[in-house]
Amino acid sequence: MARKASLALAVLILLAAGYAVFAAKGWQWKAALFPLAIGIPLFCLAAIEIAWTLAAKEAPEEPAPNPALPWAWMIAFLALIVLLGFPIAVAVFMLVYLKAQAKEGWLFSIVLTAAVWGAFYGLFDMMLHLPFPAGWLFEWLGLA
Amino acid sequence: MLEALWEGLLLVLQWKAFGFMLLGIGLGFWVGLLPGLGGATTLALMLPFIYTMQPVEAFAFLLGMHAVVATTGDITSVLFGLPGEATSAATVVDGYAMTKKGEAGRALGAALASSLVGAIVGAVALAAAIPVVRPLVLTFGSPELFMLAIVGLAFIASLSGEGTRGMVRGFIAAGLGLLLATVGQDPQAGVARFTFDTLYLWQGLDLVPVLVGIFAIPEIIDLFVRGNSIAGNAPPGKVAKGAWEGVKDTYRHFWLTIRCSLIGTFIGIMPGLGGSVAQWMAYGHAAQSAKTPEERKQFGQGDVRGVLGPGAANNSKEGGSLIPTVAFGVPGSTSMAILLGGFLLLGLIPGPDMLTKHVAVTYSMVWTIVIANVITVAVCFLFLDRLAGITEVKGHRLIPVILVLVYIGSYTSNSHYGDLLVTLFFGGMGYLMVRAGWARAPFVLGLVLGKIAENYLYISTARYDAAWLTRPVVLVLIAIALAVIAYPFFQARRRG
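In the order they appear, the protein sequences are chains A and B.
Going by our numbering, the letters in the first sequence line up with residues 3 to 146, in that order.
Going by our numbering, the letters in the second sequence line up with residues 80 to 575, in that order.
Note that these hints are calculated values from the structure, not bench results.
Each statement offered as a hint is correct.
Label pairs and their computed distance ranges (CB to CB): (1) A/GLY20 with B/LYS436: 58 to 64 angstroms; (2) B/ALA545 with A/TRP142: 55 to 61 angstroms; (3) B/LEU126 with A/LYS6: 48 to 54 angstroms; (4) A/CYS46 with B/ILE559: 22 to 28 angstroms; (5) B/THR371 with A/TRP54: 24 to 30 angstroms; (6) A/LEU14 with B/LEU126: 38 to 44 angstroms; (7) B/ILE559 with A/ALA136: 52 to 58 angstroms; (8) A/LYS6 with B/PRO127: 49 to 55 angstroms.
Think about it this way: if two alpha-carbon atoms lie no more than 16 angstroms apart in a straight line, the pair counts; the simulated EDC-like pairs of lysine to aspartate or glutamate are: (9) B/LYS530 with B/ASP285; (10) B/LYS436 with B/GLU82; (11) A/LYS32 with B/ASP544; (12) B/LYS473 with A/GLU106; (13) B/LYS473 with B/ASP301; (14) B/LYS180 with B/GLU471.
Positions of the beta carbon are idealized from the N, C-alpha and C atoms, including for glycine.
Generate coordinates for the entire structure from the input sequences, incorporating the hints supplied.
Okay, here's the thing in structure tokens:
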């Protein structure tokens with residue numbers, strides 16, 4: 003996994019540096035100076051790292067645990083925030099996660115959800131008046 | 080001077096000023112703990128409340144609040160791997176690693192004790208440096224500040240991995256950080272760089288969503304797949320005992336703590352470098368203090384010196400950055416720029432008057448920094464063992480709470496959903512870096528320094544062409560950067 007991750011990182015950085023140099027060529031020198039000064043050596047170093055990784059013998063590694071499930075939860079929470087807005091998404095996510103993933107009892111799940119939601123709403127919404135827009139779902143339904 | 084110092088102390092201890100300071104400390108305590116609520120933002124929010132206050136009361140309130148933000152910011156960094164502040168991200172690297180080994184109490188003790196030492200060093204520097212700081216600040220023009228940024232990057236990159244390959248990876252990570260710092264509208268020509276026609280990226284990548292993503296997301300995934308508590312399988316009772324061990328660590332590595340405090344003070348004095356830089360420079364110095372390659376490998380795995388260095392520098396920089404603010408009206412950081420607004424609201428003009436006519440007010444600021452930190456650290460120690468106990472709570476109970484903090488912390492940076500996407504994107508990158516064994520510190524320092532370095536490089540080139548490279552201080556800094564890069568090779572060769 004370490005070898006694959008290293009290779010993936012180096013390839014992504016090589017592509018990013020290559021794109022940066024390519025894009026910067028079309029800008030005025032004032033704007034292009036720094037991206038070129040960084041992008042060119044970065045491209046070369048990333049190429050060296052790729053060559054290094056490919057040339058090295060693959061050492062036996064312990065299989066890494068699958069991170070798909072935590073990623074799915076994080077992406078789902080993000081989707082909930084966008085669709086329902088922060089205040090509702092926080093409550094829904096907390097409760098569903100505690101019941102479905104953490105396998106907690108109803109009482110604990112409801113109490114912890116209420117505590118976190120109360121702290122969030124009291125501090126960020128009531129005290130600091132941070133703007134939390136209504137979710138896109140409510141906008142689509144004309145309820146926002 | 081002693082008379083003015085005494086007068087400054089008496090001013091802070093007046094009941095009204097002291098009361099406002101306690102109020103400020105209370106606010107700063109929570110602002111530091113909660114990710115996303117920045118010290119600078121809170122200073123700006125509180126500025127309108129000082130209209131009716133006397134100068135000493137106003138500074139006791141504002142500085143009392145600001146002085147403790149970095150101190151309590153370290154707590155979330157250590158406990159959850161989630162930087163409470165952009166300025167406490169470096170504490171995550173070894174602080175959270177210690178927590179995972181069941182040493183949360185010790186890490187918190189070390190972070191708080193070193194913060195206190197740092198705050199005192201910074202305050203002493205503020206008191207002592209005011210009369211002599213002018214020549215130092217004037218010696219550092221744009222070329223010198225650019226080279227200082229390069230020295231900082233060389234420090235971190237060269238120490239972030241084992242051997243030549245580790246160093247190359249360190250420089251790649253630093254380079255990526257520098258490159259990503261160029262995202263957004265360029266300050267010289269107004270060109271929109273790497274914005275992909277999105278308005279959100281015009282102002283560049285905000286530091287908080289990136290930091291939260293790159294540090295917190297990989298740790299959440301790790302906690303999820305391990306399925307146990309943050310402290311893992313640490314022996315029962317070990318986690319919550321150790322705060323005093325952390326305090327003792329501060330005194331075991333007393334000179335390192337003092338040196339890192341001085342680094343923080345120096346970075347604070349230099350206008351434009353900012354607090355996020357100080358912690359990483361101090362971390363680099365702490366890592367460099369390792370005597371053998373084996374000892375250096377401990378950094379990132381939970382070495383207490385990796386907590387002491389950033390902890391001390393974080394707080395000492397406040398005293399340092401007050402020096403140019405008070406003496407010349409040149410703010411050393413965003414927070415100091417806001418504080419400068421406070422000076423003007425109160426009818427005080429920074430400059431010679433603050434060193435003569437209002438010198439007691441200036442010294443009251445010194446005392447505020449010291450007293451606020453003493454109170455905060457004392458209060459924190461009352462709860463430290465209980466706080467450390469949180470790391471023994473089942474991971475699945477903590478994960479949703481941490482995720483709520485992660486997303487809210489990111490979102491509050493710009494109140495834009497783009498912040499959440501940035502957090503997830505850099506969370507993915509952080510995860511890959513952890514899996515690949517690449518250090519994240521050089522990337523973050525590159526991102527922090529990118530805009531500053533670009534600005535100074537442009538001014539240096541536009542003003543002096545290539546001649547800036549021959550300025551004496553620049554030459555000294557180039558030599559230091561080369562020595563920093565060569566040192567690990569030299570050390571390895573000497574050891575055969």
